[in-house]
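Protein chains in written order, with this note's numbering: chain L, 1 to 170; chain U, 1001 to 1334; chain W, 2001 to 2509.
It is worth saying that the hints were derived from the structure and are not from the lab.
Idealized CB from N, CA, C, for every residue including glycine.
The reader is advised that the hints may include incorrect statements.
To be verified - Residues from chain U that face chain L, not an exhaustive set, calculated with beta carbons under 10 Å:
1. Thr1031
2. Thr1033
3. Met1067
4. Ile1070
As a plain string of letters, each chain reads:
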Amino acid sequence: MQQASDERSIGSVRVWEAAVAVLFLAFGSLVAWDSHRLGSSWGSDGPQAGYFPFYIGVLIIISALFILYAALRSGDTEPFVRWGQLKMVFVVIIPTAVYVALIANPWFSLGIYEASVIFIAAFMRVLGKYSWLKVGVISIVTMVLFFLMFEIWFQVPLPKGPLEAALGYA
Amino acid sequence: MKSKLLSRGRLAVLAGAALTACLPALAWEPTKTVEFIVPAGTGGGADQMARLIQSIIAKHNLMKQPMVVINKSGGAGAEGFLDVKSAKGDGNKIIITLSNLFTTPLATGVPFNWKDLTPVEMMALDEFVLWVNAKTPYKTSKDYVEAAKKAGPGKMKMGGTGSKQEDQIITVNLQKQTGAKFTYIPFKGGGTVATQLVGGHIDSSVNNPIEAVSQWRAGNLRPLCVFDSKPMDYHQKITKDMAWSDIPTCKSQGVDVEYLMLRGIFMPGGVSQDMVDYYVGVLNKVRETPEWKQFMDNGAFNQTHMTGKAYRDWVADAEKRHEELMREAGFLHK
Amino acid sequence: MHELQALFGGFQVALSWFNLLLMFAGITLGVIIGVLPGLGGANGVAILLPLTFSMAQEPGGQTSAIILLSCIYWGALFGGAITSILFNIPGEPWSVATTFDGYPLAQKGRAGTALTTSFTSSFVGALLAVLLITFLSPIVANFALRFGPPEFFAVYLLTFCAFVGMSKGSPFKTIASMMLGFALAAVGIDTVTGQLRLTFGFIALLKGFDFLIAVIGLFGIGEILLTIEEGLEFKGAKAKINVKVVIETWKELPRYWKTYLRSAAVGCMMGIVPGGATPASFMSYGIAKKMSRDGDKFGTGIVEGVLAPETAAHAAGTSALLPMITLGVPGSPTAAVLLGGLLIWGLQPGPLLFTEKADFVWGLIASMYLGNIAGLIVVLTCVPLFAAILRVPFAIIAPVILVICAIGAYTVHNDIFDVYLMVVFGVMGYIFKKLDYPLAPLVLALVLGDNAENGFRQSMLISQGDMRIFFSNGLVGGITVLSLILLFWPAISSLIDVARGRKAPPAAG
Chain L
1 MQQASDERSI
11 GSVRVWEAAV
21 AVLFLAFGSL
31 VAWDSHRLGS
41 SWGSDGPQAG
51 YFPFYIGVLI
61 IISALFILYA
71 ALRSGDTEPF
81 VRWGQLKMVF
91 VVIIPTAVYV
101 ALIANPWFSL
111 GIYEASVIFI
121 AAFMRVLGKY
131 SWLKVGVISI
141 VTMVLFFLMF
151 EIWFQVPLPK
161 GPLEAALGYA
Chain U
1001 MKSKLLSRGR
1011 LAVLAGAALT
1021 ACLPALAWEP
1031 TKTVEFIVPA
1041 GTGGGADQMA
1051 RLIQSIIAKH
1061 NLMKQPMVVI
1071 NKSGGAGAEG
1081 FLDVKSAKGD
1091 GNKIIITLSN
1101 LFTTPLATGV
1111 PFNWKDLTPV
1121 EMMALDEFVL
1131 WVNAKTPYKT
1141 SKDYVEAAKK
1151 AGPGKMKMGG
1161 TGSKQEDQII
1171 TVNLQKQTGA
1181 KFTYIPFKGG
1191 GTVATQLVGG
1201 HIDSSVNNPI
1211 EAVSQWRAGN
1221 LRPLCVFDSK
1231 PMDYHQKITK
1241 DMAWSDIPTC
1251 KSQGVDVEYL
1261 MLRGIFMPGG
1271 VSQDMVDYYV
1281 GVLNKVRETP
1291 EWKQFMDNGA
1301 FNQTHMTGKA
1311 YRDWVADAEK
1321 RHEELMREAG
1331 FLHK
Chain W
2001 MHELQALFGG
2011 FQVALSWFNL
2021 LLMFAGITLG
2031 VIIGVLPGLG
2041 GANGVAILLP
2051 LTFSMAQEPG
2061 GQTSAIILLS
2071 CIYWGALFGG
2081 AITSILFNIP
2091 GEPWSVATTF
2101 DGYPLAQKGR
2111 AGTALTTSFT
2121 SSFVGALLAV
2131 LLITFLSPIV
2141 ANFALRFGPP
2151 EFFAVYLLTF
2161 CAFVGMSKGS
2171 PFKTIASMML
2181 GFALAAVGID
2191 TVTGQLRLTF
2201 GFIALLKGFD
2211 FLIAVIGLFG
2221 IGEILLTIEE
2231 GLEFKGAKAK
2241 INVKVVIETW
2251 KELPRYWKTY
2261 LRSAAVGCMM
2271 GIVPGGATPA
2281 SFMSYGIAKK
2291 MSRDGDKFGT
2301 GIVEGVLAPE
2311 TAAHAAGTSA
2321 LLPMITLGVP
2331 GSPTAAVLLG
2341 GLLIWGLQPG
2351 PLLFTEKADF
2361 VWGLIASMYL
2371 GNIAGLIVVL
2381 TCVPLFAAIL
2391 RVPFAIIAPV
2401 ILVICAIGAY
2411 TVHNDIFDVY
2421 LMVVFGVMGY
2431 IFKKLDYPLA
2441 PLVLALVLGD
2451 NAENGFRQSM
2461 LISQGDMRIF
2471 FSNGLVGGIT
2481 VLSLILLFWP
2491 AISSLIDVAR
2501 GRKAPPAAG
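All chains should be modelled from the sequences, with the hints used to inform the complete structure.
Have a look at this one:
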């Protein structure tokens, strides 16, 4: 049962091709529209600010139309990605997104060091099934090293959280 | 929002420090690494000055906390200004400004005004000099302006840094005063402009002294006049027969244009007087060092220095002047 | 002979135990900085500036100071390639082109070969550039003066023309991808008019899209996502790791001497102009692909594809110090900070520095030789160590890489928005790779788009809208024509083949 659902295809290449082409179409239109607003003609002393971006937008629209046309005509029903693969991708990208959001956001920011310790630890524990001891040592030592390197030696300030604040580094 | 959270943490630290210290009110000092924002790219005039100040502070141990220079040049400096604007009340952040303090918000409409910052100290004013290639026959600004008029509108090319910023404002002002019409060509940095002038790709520039001095000494460039009310106060010979003080003012040659650029330090808005006083104290010590004096000499800076109300008034006045100049030039954001 | 004498004087200045120590310290530090995408050579140099400040006031100290700083710079040039090869994440902008073949090589289990090639080529590129600086600097320095806006535009055009036509797939995807790069490059303030473009009132967009953030996302994160589809491990982990790989690779390299010379020439030109190490590496890769007999195999993991961009990048990085010294125009952000250092120590970069401070300049040049030798020794001995990183289990190394990526994206502008953006670029990279959109044109357009457009519009201002300016003198005309030849090279080379083919049969028969 599990096997079967893992083999399930999430959209065909054709569908994804078309979807990406539509996104390009929208992006190209946005670029062309904003550039037109700025002035997209060839002034007396050369091109205006929007001249190049306007034609860039137009070129994006044209190529997106061709890609869309090719995608719709093709019978490429090959799967874009199988559920089993996509699950793996989600396993990485969702924690990454959460991690990035934890570093700093309008509500509750952990700073890069604390968020990274949690991220590395969770990743190791869940995907690598390492013992808690290994998980703890590796994640904490790595980030302490990074802290020394960035904050102390190279003096590159990175976002910090409550722990650094408590230690007087905020 | 983020800064709010951070500053809350900082308040906690401050409170903690105050409790543990429990001593008679000590003067304020930075609580962590001080960020010194440069609203311009690496290698430019503001960047050089910021890095010099940082080096002097580190060398003479003028501050207990370290200081880092951070370039935020995006959007003609708007990135840096907005960063400081959003750090309201943060005493661990200072910013060095150039004329884009006024020109960027006026030209782009970015929601920012110098009143969002707290003026700390004017370190110096930067001079502007009209330069031509030494191979050309022009000896005075009058010669050059006459030649530009004769060549026809737009035939002479003036190079400068950025668009709708100080260099172009001076150019437009020069055109208004003399009736000559130049083609203004914007480049990304002052050093590039000087090199382009030596290479003969442009006909003149309004480079700051420090950007062009080495080419002047090498006999590749010739200064025509300085855009100040009086000649520069540096009498040591730079070339065989000329010192900075030998460059006449443009006004004396019938070109009535004056422009000086602010090299000043600001802090975020809403900081306490203690914090401002602390940095004034540090910066005053910086200005006493031989390294600083050497730097002033090298760059032939106008060593006007102001703090407090005088500085604030100067800035307010400069803003008004920039608005007028830019309105006349049609550079204001619509 | 005057140069040789001066150079020996320089060696005398540079060769002290103290200076040698500084050299190794600087290189090691530089390699670390180069490896981490968040730290650039500019960071390292900037942090040590205050230290060198007191150093520079001792007698002969200015030389020691510049040795320390320039060695950080060499180290960063060497180090940028390491993560490109191992993880497809360029540590520095100029090592993007190194990923094209370096990463596939590592996946084949030949990480050691790729690293050795990259380090050796960096060294060769630097050596050729220093030789140029030593013997031809007076002539070459003035060459840069001939470069005005039209010439710069022509050089960027040359880079594009050398590079396009590289990908096989759909031409429309190549165009879409490249145009996306140009569009992203246009975001932010327009240098020529000072207007804001494509920001739609968002403050976060004011500063535009930084190339490094896009690259970390598209290449680094995108690659991790693609890898993980196949399971929790990196390919190439089973690489054999020993020091013999260095000797074996060295035996292979001399046969590419033509590519070396060509790439070094490209690099030196781009360094002196100064056009930058990043375009140099792209241009060199493109030209090597077009000229090589194995042109079709570029991108699948061949030694020549690592050699070409690395040689050019290092040659450009090294020769970029020449315009810095003689004109005061920095060829890179790191050079800009170095330049600030010179000024702070009381030296005045410019045409007279060579005569007035001959000791200092020749000491610096001598340190370029010594520093690069020191660099090569340091990085080559570490090849097995670097390659062994691939053996660290995926569940440990993957999150650490992602953390490094996040830090790298943050430090570009000290803005958390860029880190979010990096994740978006990562997903984009994954989808693009799966749909065969080529990423290289996007990156190239993003890195050069702004400069190319400025060059073009500055030229138009100068000529008042007359396109003939791009053929107005031998130099700009020559580069423009060369670009066009490269653009149509496939057609031209097949014509040559046809011409040869007509003569060939009798001989073959």
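The hints, checked one at a time:
1. Taking 10 Å as the C-beta contact cut-off toward chain L, the hint placing Thr1031(U) at the interface holds, the least distance being around 8 Å.
2. The interface hint given for Thr1033(U) holds, since its Cβ lies 6 Å from the closest Cβ of chain L, which is under the 10 Å cut-off.
3. The restraint placing Met1067(U) at the interface with chain L holds, with a minimum CB-CB distance near 9 Å, inside the 10 Å limit.
4. About 8 Å separates the beta-carbon of Ile1070(U) from the nearest beta-carbon of chain L, less than 10 Å, and the hint is met.
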